[in-house]
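Trainee: Please model the complete structure; the sequences and the hints are all you need to start from.
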Amino acid sequence: MTATVSATGSAPAPQRGPFLDVQDLKVHFPTDDGLVKSVDGLSFHVERGRTLGIVGESGSGKSVTSMSVMGLHKEGGARLSGRILLDGQDLLEANPEEVRLLRGKKMAMIFQDPLSAMHPYYTVGNQIIEAYRVHNRVTEKQAREHAIEMLHRVGIPEPRNRVDAYPHQFSGGMRQRAMIAMALSCDPDLLIADEPTTALDVTVQAQILDLIRDLQREFHSAVIIITHDLGVVAETADDIMVMYAGRGVEYGAAEDIFNEPQHPYTWGLLGSMPRLDRERSERLQPIKGTPPSLIDVPVGCAFRPRCTFEHNTGGRARTERPDLMDSGHGHFVACHMRQEQREQLWRDEIQPKL
Amino acid sequence: MFAYLVRRLIATVGLLIVVSIITFSIFFLIPRWAGASADTLASRYVGRTATAATVHATAERLGFTDPVYVQYGRWAKGVVVGEDYDMGASVVHCPAPCLGFSFARQEPVLPDLIDRAPVTFSLAIGAAVIWVIMGVSVGVLSALRRGSFFDRLAMTVALAGVSLPIFWTGLIALTFFSYKWGLTAVGGAYTPITENPGRWAYDLLLPWITLAFLFSAQYARLTRAGMLETMGEDYIRTARAKGLRERTVVVKHGLRGALTPLLTIFGLDFGLLIGGAVLTESAFGLNGLGKYAVDGIHANDLPKILGVTLVAALFVVIANLVVDLLYAVVDPRVRNK
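Going down the list, the protein sequences come from chains A and B. The first sequence begins at 0 in numbering that gives the first Met the number 0 and counts up one residue at a time. The second sequence begins at 0 in numbering that gives the first Met the number 0 and counts up one residue at a time.
Calculated from the structure, these hints are not laboratory results. Computed from a predicted structure; not experimentally measured. One or more hints might be untrue.
Derived CB-CB ranges, DEER-like [stated by the list, open to error]:
hint, chain 1, residue 1, chain 2, residue 2, range
1, B, Ala-188, A, Val-137, 48 to 58 Å
2, B, Val-161, A, Gly-171, 36 to 46 Å
3, B, Gly-146, A, Ser-292, 19 to 29 Å
4, B, Val-321, A, Thr-197, 34 to 44 Å
5, A, Leu-353, B, Arg-246, 50 to 60 Å
6, B, Ser-147, A, Arg-78, 18 to 28 Å
7, A, Val-201, B, Val-17, 52 to 62 Å
8, B, Arg-246, A, Val-201, 39 to 49 Å
Covered stretches of chain B, as calculated for chain A (at least 3 residues, CB under 8 Å) [said to hold, decoys possible]:
hint, stretch
9, 222-234
10, 250-257
11, 323-332
Note that the Cβ used here is the ideal one computed from N, Cα and C, for glycine as well.
Mentor: Given below as structure tokens:
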């Protein structure tokens, strides 16, 4: 946590700043029903060799954020503003061809469902070779050797035979490994994993997370893991960004978020993890209500309609949108409650129940 | 794979037998049910002034007095080993495979079919090349520029193409391109490709375009729908995430997925067409298999129609078999089953 996070994004970009620096990103989609504010003023940064976990419910803007970084948002459809600086280069200002050449080479992505994310008609090897040859002038044979080497590194047994298999001939876990091999084939500096374990068997999930962590050390890349599952980020992330309705509501080092979370939404997420060591009735404490429509985000604090501590804000939650403010040592929280109040609530009311 | 092929070929033979029984029944059994006697059937094949006795003799000679299944048996035997037909004055041998024997012309049908097939094949192949290229490219462009002026225009024209019957578009095309502007052949002519390829293409150009227009329209709509679907797939996003050129994404990843369902339709359409493009051949006066069947209908020469129907059925079945085999080539998921 070295650079400052600015909620307004007005701070000038540092010359030698973080590897990925997203400042006040807004992604709005005009639709017939109104303007969908999928991401509305989001700032974060990731260093090489570090892992950022972005956590939130469906529709909180996590995936839209990652697609915007990759330059994969629908052309013409989305209105983007803010800055996305990758190694100092502003991706929103760069022309699409420049961004295309960065994709796969400097930044790569792993998707949720490896079965549908791989082309059913081409062999796994073919798809890795293709990814490698876009950015490297090598012969088919060299690329094939590289693909086999990559499959070996992600732990696929007998890579020399498996390289010619089709995605449907792989198991779910193996497919995700192959997907990772494909993403890492050009040795990217930034790896975005969008729900990398959601479609997988529970027993395989941990293996994949281990693999991502090991490979990150090996490749010394910056990693963003997007998930709705706090368990996933607990194992992998150095920093965590909790998103709600297109904005960051809590942002800080992973241990701070887990040990001293200060936002009621984060408390809710922690309570939503089932605990088998509790009484059956207390095992799961879901957050009441549903995420807001991104066309019609509540005025004031977007989480207010679902928040049980609204009375502590003296009505400010109804009128004023809380900014993501540093509560000391780089732990940012967007809540109208006073810091002491939040800390006390966590200690006295929330933590004992978790 | 080999076992599969053998199984499919056996099924093909069975299917052809069923088709022949149904066709045979339509032409030889239903008239009986409708009250036609053996003599009325035979009266078509004798002179107008023939006496009742001559007609009856002809009916017996041609076997119309036998039960229909006996007649079918004789016809089926002809297909396998050949059959002799007693024409009164002489006995004509119809060598195997005897697909039928024209009572009116007093000659086997098969040589005629072989004679006419090149016309239909030329028509079908040329048109297929045009419609696949046109239909697929228009469909892809329409899908990529969805909602644009091009898309709307293409889809409106396609709707017209699907709706307008070929005997109308054919006549309109002939009127303008051939008669008014003199750009294309006036129809009715066919030059074998072996004789003069340029002339062959010139003679067939307008029929090709007319026939291709109908099919392009349909293929453009199908391709567009298929592309819209595949371009929304996750693997397209992956392809883009790799940093591939948009052209590679569209052609190698998008189109490849969209073409598979098109292959099925193409097999059916093409198989049906090489069995006789009835309307196109009639509109342009091309003496192909379709026209042959139409002539058979006009002349009440049932064996001709039976012959064309069987050949057409054979082509459709073969085309389907080829498509099924190609599926395994195109889609690796089919191969393992």
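Trainee: All hints are to be evaluated individually against the structure, with a verdict given for each.
Mentor: Taking the hints in turn, this is what the structure says about them:
no., hint, in the structure
1, B:Ala-188 to A:Val-137: 48 to 58 Å, "56 Å, holds"
2, B:Val-161 to A:Gly-171: 36 to 46 Å, "43 Å, holds"
3, B:Gly-146 to A:Ser-292: 19 to 29 Å, "25 Å, holds"
4, B:Val-321 to A:Thr-197: 34 to 44 Å, "42 Å, holds"
5, A:Leu-353 to B:Arg-246: 50 to 60 Å, "53 Å, holds"
6, B:Ser-147 to A:Arg-78: 18 to 28 Å, "20 Å, holds"
7, A:Val-201 to B:Val-17: 52 to 62 Å, "54 Å, holds"
8, B:Arg-246 to A:Val-201: 39 to 49 Å, "41 Å, holds"
9, 222-234, "holds (count 3)"
10, 250-257, "holds (count 3)"
11, 323-332, "holds (count 4)"
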